[in-house]
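Enquirer: Residue numbers (our numbering), protein chains in the order written: chain A, 1 to 366; chain B, 367 to 732; chain C, 733 to 1098; chain D, 1099 to 1464.
Honestly, the hints are just simulated from the structure, not real lab data. Heads up, a few of these hints could be off.
[Unchecked claim] For lysine-lysine, the following DSSO-like pairs were computed, each having C-alpha atoms within a straight-line distance of at most 30 angstroms:
1. D:Lys1359 with C:Lys831
2. A:Lys197 with B:Lys627
3. B:Lys556 with B:Lys542
4. C:Lys796 with A:Lys364
5. C:Lys875 with B:Lys465
6. D:Lys1462 with D:Lys1186
7. A:Lys310 with A:Lys198
8. B:Lys677 with A:Lys261
9. B:Lys465 with B:Lys441
10. B:Lys465 with C:Lys807
11. D:Lys1197 with C:Lys1096
12. D:Lys1197 with A:Lys75
13. B:Lys730 with D:Lys1462
14. A:Lys176 with C:Lys820
15. D:Lys1462 with B:Lys441
16. A:Lys311 with B:Lys627
17. B:Lys730 with A:Lys322
18. D:Lys1197 with A:Lys143
19. C:Lys826 with D:Lys1359
20. A:Lys99 with D:Lys1241
21. B:Lys441 with B:Lys460
22. B:Lys730 with D:Lys1359
23. B:Lys676 with A:Lys261
24. B:Lys627 with A:Lys176
25. A:Lys364 with B:Lys460
26. C:Lys1096 with A:Lys143
27. B:Lys627 with A:Lys99
28. D:Lys1173 with A:Lys64
29. A:Lys64 with D:Lys1162
30. B:Lys454 with A:Lys94
31. C:Lys820 with B:Lys441
32. B:Lys430 with C:Lys910
33. D:Lys1462 with C:Lys1054
34. C:Lys908 with B:Lys454
35. C:Lys826 with A:Lys364
36. B:Lys563 with A:Lys261
37. C:Lys1043 with C:Lys831
38. B:Lys627 with A:Lys203
There are 4 protein chains.
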Amino acid sequence: MGSNTFGSIFRLTTFGESHGPAIGAVIDGCPAGLHISSEEVDHDLQLRQPGNNPYTSPRSEQDKCEILSGIFDGKTTGAPIGILIRNKDADSSKYEPIKDLLRPGHANYTYLQKYGIFDYRGGGRSSARETAARVAAGAIAKKFLAHFNIELCAFVAEIGGIAIPEPDLNHVALLKQKTYANPIFCPDEKTAAIMIKKIEEAKEEGDSLGGILQGVASHLPPGLGDPVYGKLEALLASAMLSLPATKGFEIGSGFAAARMKGSEHNDAFDLDDSGRITTSTNFAGGTLGGISTGLPLSFRVAFKPTSSIKKEQSTLSLSGEKRPFNLPPGSRHDPCVAIRAVPIIEAMMALVLADAILLNRCAKAT
Amino acid sequence: MGSNTFGSIFRLTTFGESHGPAIGAVIDGCPAGLHISSEEVDHDLQLRQPGNNPYTSPRSEQDKCEILSGIFDGKTTGAPIGILIRNKDADSSKYEPIKDLLRPGHANYTYLQKYGIFDYRGGGRSSARETAARVAAGAIAKKFLAHFNIELCAFVAEIGGIAIPEPDLNHVALLKQKTYANPIFCPDEKTAAIMIKKIEEAKEEGDSLGGILQGVASHLPPGLGDPVYGKLEALLASAMLSLPATKGFEIGSGFAAARMKGSEHNDAFDLDDSGRITTSTNFAGGTLGGISTGLPLSFRVAFKPTSSIKKEQSTLSLSGEKRPFNLPPGSRHDPCVAIRAVPIIEAMMALVLADAILLNRCAKAT
Amino acid sequence: MGSNTFGSIFRLTTFGESHGPAIGAVIDGCPAGLHISSEEVDHDLQLRQPGNNPYTSPRSEQDKCEILSGIFDGKTTGAPIGILIRNKDADSSKYEPIKDLLRPGHANYTYLQKYGIFDYRGGGRSSARETAARVAAGAIAKKFLAHFNIELCAFVAEIGGIAIPEPDLNHVALLKQKTYANPIFCPDEKTAAIMIKKIEEAKEEGDSLGGILQGVASHLPPGLGDPVYGKLEALLASAMLSLPATKGFEIGSGFAAARMKGSEHNDAFDLDDSGRITTSTNFAGGTLGGISTGLPLSFRVAFKPTSSIKKEQSTLSLSGEKRPFNLPPGSRHDPCVAIRAVPIIEAMMALVLADAILLNRCAKAT
Amino acid sequence: MGSNTFGSIFRLTTFGESHGPAIGAVIDGCPAGLHISSEEVDHDLQLRQPGNNPYTSPRSEQDKCEILSGIFDGKTTGAPIGILIRNKDADSSKYEPIKDLLRPGHANYTYLQKYGIFDYRGGGRSSARETAARVAAGAIAKKFLAHFNIELCAFVAEIGGIAIPEPDLNHVALLKQKTYANPIFCPDEKTAAIMIKKIEEAKEEGDSLGGILQGVASHLPPGLGDPVYGKLEALLASAMLSLPATKGFEIGSGFAAARMKGSEHNDAFDLDDSGRITTSTNFAGGTLGGISTGLPLSFRVAFKPTSSIKKEQSTLSLSGEKRPFNLPPGSRHDPCVAIRAVPIIEAMMALVLADAILLNRCAKAT
């Protein structure tokens, strides 16, 4: 598969660099008959670029998408949906002074090794700017999921070592409401207040924080995901680790499972109040054998602290000389990159699930 | 991509159920000119089935592969390599008593939901038996990697909450030697002794333990992995989460990164003693922007405790009646499934890297 | 996509050389719930190896398949179906004398150029032997198509310049019956008699003939095939040109369309006797814009004359010396390779259609 | 693979409808380091839209591309190349009167069957307008091929039954020069004059003509194309049949091979004047076993007569009533659609070859 394409039936291809004229998304395989407006896409794009709070990067592009194809009379036609998002607030000149330095925690060294050339302006293709295209595509995937009453949400679960209490996955809509009411996308207000303090401290020190996001989905039909290499968690893991700054993925009990016993960890099958099959616990996180059980899907994603910090660092020039590294004056950066990733995690989850629903239509002969 | 196929250029397709006549692997895209013998494949297969120690399942199949194609005069020809491994020790009759019960922690419920039919004998396609085909393919991938002097190794890093000290990633060959000298594939003998005690305790209780495996590779050429959706860590994450019983993946600092500050986490570029570019720390784990830096690759995989335990559990019948669940008498099972996964992790890592090396040949025009 | 894999959802991967121990097929993505027996697969394999008539190669392997996976209780489970066909009648020693010669019309020159190594025994991977794996997979695809009452058939339409009269595509079942009742798979008995004479003449001269096969299918649901690069005719063309010895593909009017006018060629939409939409003619051949109309699908495939002939030819040795080329004594070969391709064309058509039916399930949102 | 994506490593994804705001192309997998300017792309786009001669559609969009990504400092960076071509001359209102009629020879019936919705304006996604995106991508592929001194050319070989004499494939550059000097892209001036007369006659009658295009390439490295399903001719056939209005594909001797004998058809290996391996004839058309020999590649593509004609036709309304069908006044259409396909065939050939060159880098281990 091309390295800029994600998915199997419901497929996203993205293009565009941080400081080029535009970034774009092509969604191929979106089924016909979905009602979509560019306003709906813009709504999700705006979640990605708060700008109006001090905890994220001040870049204020006010992204607006132009839908170029695939929609007719307000509905998807089955044709590929081309979406363009122009880059407006992109002053590349400030990257000139650091263009010959290896940026700590960034990709310019490896891109140069691989390609022999690098669009250093704003990180080029390796910039988180690319994720705007994912969010646009995710908005369309969500419209498809809505047909099946699937609810999904991502939120901040931990920042700087401060974690929220176990969230209630049986009320995803409520969780989502609380998340988007909070300036740092954390559904637990009290914990969020402490996190914000931590963020402010790091910001003052010219430093940055890591964090953990959680993604959840409810009302999934059982049967999503495919055996062996197409396991739902394998697809989600690949989706999440394809995001800039991610360092880990876990589903259900995750790494904690390594410290549990089988007798604790096995979720016992049982009937719920309405007589449907459920399990008493959900350490599995919503899948068994890589296929959705119908119980809430739950996974977590680890983000490293933002690599762009104001503190002076030590590095090398391209020609191998020791140099101090300072961010160019006026550089924008997030004290905690995880926060802005919330709508992106949601979008990637939506893309994985939309694809899985379509693939699942091919499981049985009739 | 078909759900039973892994990889892009160097591609593995597997087939076969736990209790069917055989499992098989087809490796397509293996370059021509590699020396391969079936003995080399059998050697890796034997690592997967220790049998000769009490800490893993007593199933003793003595897997031997039959190479059906793709090798001529002892060398790969560029044609697909078909490998067959017969199932010998597969008594399916003991699965009869539990065929109408939902197996806790297993996939029969979800397979039935998805396909309406399930080969319940020994877990069918969802069995870890499928991983023998991966190990066979991995043996071939390793031969390719050897051309580039790449060294790789997987080992037990934690079992039942007991972790080894930080391993030295600069001597992967030594690490590998220690690993395979130890009955539970743990390179630290002292820690291994404590782990073994834990395992024996769990076994006596009819219970099981989870664990964490680590995979490492050194002497990687820089430039492996592709931007955006083909990031090396995304491919590895997908590979690892496609393994039965895995719950999480992390690269480099992983989830610990979420508790670090940018100033701590950014690996500072520096020169090593021979004047080559390196970094003072390696929290990144060997990639930047999803592309290998040339520094040691390091990742970890979380395994849940084995789902098959001797302790009685509670479950439902297919028709929804409450039932106790007991393993059929004479069932084989591992007290800690993570241990046997060591050669499998190594094989999947080899497959990912072989594919990345081939893809990387297409990065530059000339 | 790997070069040994065909299809998108319903996918076939083949392996095995002409004179290796076996050839094999892995069918991934076959939906669950189809009744399949190995006898059904063997039936189609036998069509491919008449042996009992003088017009095709006397190799009499009596192919029998071993189904290794994917079937449980006589039904497909959704797991990949592994099929093995052992090579029995493969005496490689006679290829020794010609192993250092460039074989006219064969692939040893190009394989050597590409891979630097070639399994010359019986043509290795480039042998038509590989098509047995396709026929086995096609037998399974046909079982799926039968659920939708689709009828399909391939037959000899022209040999040595002798063509059958326009066949009646409205009775595919009858056409199929006539085809398989004829020793050279030609549904028109009178024309077949003339063709047979031609074949016998060529055989006596130690020469060979080319031919044209036609593939037809009726009762196709409208909507199969995808716009742009997934057009049904593009998939069929690719399938047909992937067969050894094919030189051309045409759908409907084909190359004759180049000599027609628009007013003649446009099929006028009309209602049939039962009030359903049809067209008065079917120059289109069953698709419009690459998507099936529901009218009979019809295409033709050109085969070159068999490259292996008894007549002496002129060639070069691998080291570039002029040499005469004679087939080794006792070599088997077909005077007209097109004949044996009939069940293969049928199999490839079935694979393309099965895949298209599954993909079409993803066209609409609900 | 998504139905709007073509290729394996060097991959093209297109989007956009005839009368939407724009069409676009994303080229993923283009290697880094190629010099590309938007002028070069525009040059090829202009070949597709002569407008200045009376033999093709008078639509005069003067396509200009906007390159949105993937180029930095005038060179490709390895990132996906996004290209946008705005639709300017697109008056959709004239399609209103025919939107409820089944268009003879067009795709609105099948799109409606498949998707339940159709963007009828100018044929929507099924329009030949989409091929502008292919031509843009082909311009980039050609730059890559130029690194290897490959010369390629497509031209008109037959229109309305009038064929050119056998072209000399040993001087492709000259052939190309003659082709583009001729208003109907026919390298043989005398034959072209007769063709033009035929075209004018058809035009006067409100009718249209079919034709045959030929594609050729020289200086191909041997080894391009992959065995079995990735044969070079299979890829070319798929590429060509994915073009609107195509009905057939043949390589080398093509359908004529069906009337030849083996002793005539087998190309005898020989040495050329400089002592290199060649063949005395080239009926094969440049491949053996699906892999390039290094001899000139040659294939032909059949085009049906343009479906849009001025003559009144008979059709049905969407609700099944008999209706006359007349093109809306002011409709643009080509009397012979094959002519404008010349640069498109060239582009598709370039895409196939660029992909094959990259894939071939993975054939050998070292």
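Enquirer: Evaluate each hint against the coordinates.
Expert: A quick look at each hint next to the structure:
About 25 angstroms separates the Cα atoms of Lys1359 (chain D) and Lys831 (chain C), which keeps this hinted pair within 30 angstroms; it holds. As the CA atoms of Lys197 (chain A) and Lys627 (chain B) are separated by approximately 15 angstroms, the hinted pair is consistent with the 30 angstroms bound. For the hint linking Lys556 (chain B) to Lys542 (chain B), the alpha-carbon distance of about 16 angstroms falls within 30 angstroms, and the restraint holds. Distance hint between Lys796 (chain C) and Lys364 (chain A) is fulfilled; the C-alpha atoms sit about 28 angstroms from each other, no more than 30 angstroms.
Distance check on the hinted pair: Lys875 (chain C) and Lys465 (chain B) sit about 28 angstroms apart at the alpha-carbon level, within 30 angstroms; holds. Of the pairs offered as hints, the one joining Lys1462 (chain D) and Lys1186 (chain D) is violated, with about 48 angstroms between alpha carbons and a cut-off of 30 angstroms exceeded. A hinted pair counts as satisfied when its Cα atoms are at most 30 angstroms apart, and Lys310 (chain A) with Lys198 (chain A) qualifies at roughly 16 angstroms. Our distance criterion of 30 angstroms between C-alpha atoms is met by Lys677 (chain B) and Lys261 (chain A), whose separation comes to about 11 angstroms.
About 45 angstroms separates the Cα atoms of Lys465 (chain B) and Lys441 (chain B), which puts this hinted pair outside 30 angstroms; it is violated. Under the criterion of a C-alpha separation no larger than 30 angstroms, the hint pairing Lys465 (chain B) with Lys807 (chain C) is consistent with the structure, at around 17 angstroms. With a CA separation close to 21 angstroms, the supplied pair Lys1197 (chain D) and Lys1096 (chain C) stays within the 30 angstroms bound. At most 30 angstroms may separate the alpha-carbon atoms for a hinted pair to count; Lys1197 (chain D) and Lys75 (chain A) meet this at roughly 17 angstroms.
Between Lys730 (chain B) and Lys1462 (chain D) the alpha-carbon distance is near 18 angstroms, which keeps this suggested pair within the 30 angstroms criterion. Under the criterion of a C-alpha separation no larger than 30 angstroms, the hint pairing Lys176 (chain A) with Lys820 (chain C) is inconsistent with the structure, at around 64 angstroms. The hinted pair formed by Lys1462 (chain D) and Lys441 (chain B) meets the criterion: a straight-line CA distance of about 11 angstroms does not exceed 30 angstroms. At most 30 angstroms may separate the alpha-carbon atoms for a hinted pair to count; Lys311 (chain A) and Lys627 (chain B) meet this at roughly 11 angstroms.
At most 30 angstroms may separate the alpha-carbon atoms for a hinted pair to count; Lys730 (chain B) and Lys322 (chain A) meet this at roughly 29 angstroms. Between the alpha carbons of Lys1197 (chain D) and Lys143 (chain A) the distance comes to roughly 28 angstroms, so the proposed pair stays at or under 30 angstroms and holds. For a cut-off of 30 angstroms, the pair hint linking Lys826 (chain C) to Lys1359 (chain D) stands: about 25 angstroms separates their Cα positions. Between Lys99 (chain A) and Lys1241 (chain D), the direct Cα distance comes to roughly 28 angstroms. Compliance with the 30 angstroms bound is thereby established for this hinted pair.
Between the alpha carbons of Lys441 (chain B) and Lys460 (chain B) the distance comes to roughly 43 angstroms, so the proposed pair goes past 30 angstroms and is violated. Between Lys730 (chain B) and Lys1359 (chain D) the alpha-carbon distance is near 45 angstroms, which puts this suggested pair outside the 30 angstroms criterion. With a CA separation close to 12 angstroms, the supplied pair Lys676 (chain B) and Lys261 (chain A) stays within the 30 angstroms bound. Straight-line distance between C-alpha atoms of Lys627 (chain B) and Lys176 (chain A) comes to about 28 angstroms, which keeps the hinted pair within the 30 angstroms bound.
About 28 angstroms separates the Cα atoms of Lys364 (chain A) and Lys460 (chain B), which keeps this hinted pair within 30 angstroms; it holds. Between Lys1096 (chain C) and Lys143 (chain A), the direct Cα distance comes to roughly 13 angstroms. Compliance with the 30 angstroms bound is thereby established for this hinted pair. Between Lys627 (chain B) and Lys99 (chain A), the direct Cα distance comes to roughly 25 angstroms. Compliance with the 30 angstroms bound is thereby established for this hinted pair. A threshold of 30 angstroms between alpha carbons decides the hint, and for Lys1173 (chain D) with Lys64 (chain A) the separation of about 29 angstroms falls inside it, so the pair holds.
Between the alpha carbons of Lys64 (chain A) and Lys1162 (chain D) the distance comes to roughly 24 angstroms, so the proposed pair stays at or under 30 angstroms and holds. Simply put, Lys454 (chain B) and Lys94 (chain A) have alpha-carbon atoms about 67 angstroms apart, too far for the 30 angstroms limit, and the pair is violated. Using a Cα cut-off of 30 angstroms, the hinted pair Lys820 (chain C) and Lys441 (chain B) holds, with the two alpha carbons roughly 23 angstroms apart. A hinted pair counts as satisfied when its Cα atoms are at most 30 angstroms apart, and Lys430 (chain B) with Lys910 (chain C) does not qualify at roughly 48 angstroms.
For the proposed pair Lys1462 (chain D) and Lys1054 (chain C), the alpha carbon gap of about 29 angstroms is at most 30 angstroms, so the pair holds. Between the alpha carbons of Lys908 (chain C) and Lys454 (chain B) the distance comes to roughly 43 angstroms, so the proposed pair goes past 30 angstroms and is violated. Of the pairs offered as hints, the one joining Lys826 (chain C) and Lys364 (chain A) is violated, with about 48 angstroms between alpha carbons and a cut-off of 30 angstroms exceeded. For the hint linking Lys563 (chain B) to Lys261 (chain A), the alpha-carbon distance of about 15 angstroms falls within 30 angstroms, and the restraint holds.
For the hint pairing Lys1043 (chain C) with Lys831 (chain C), the CA-to-CA distance comes to about 18 angstroms; that is within 30 angstroms, so the pair holds. Between Lys627 (chain B) and Lys203 (chain A) the CA atoms are separated by roughly 11 angstroms; this keeps the pair inside 30 angstroms, and the hint holds.
When the structure is compared with the earlier hints, violations turn up for hints 6, 9, 14, 21, 22, 30, 32, 34, 35 and for no others.
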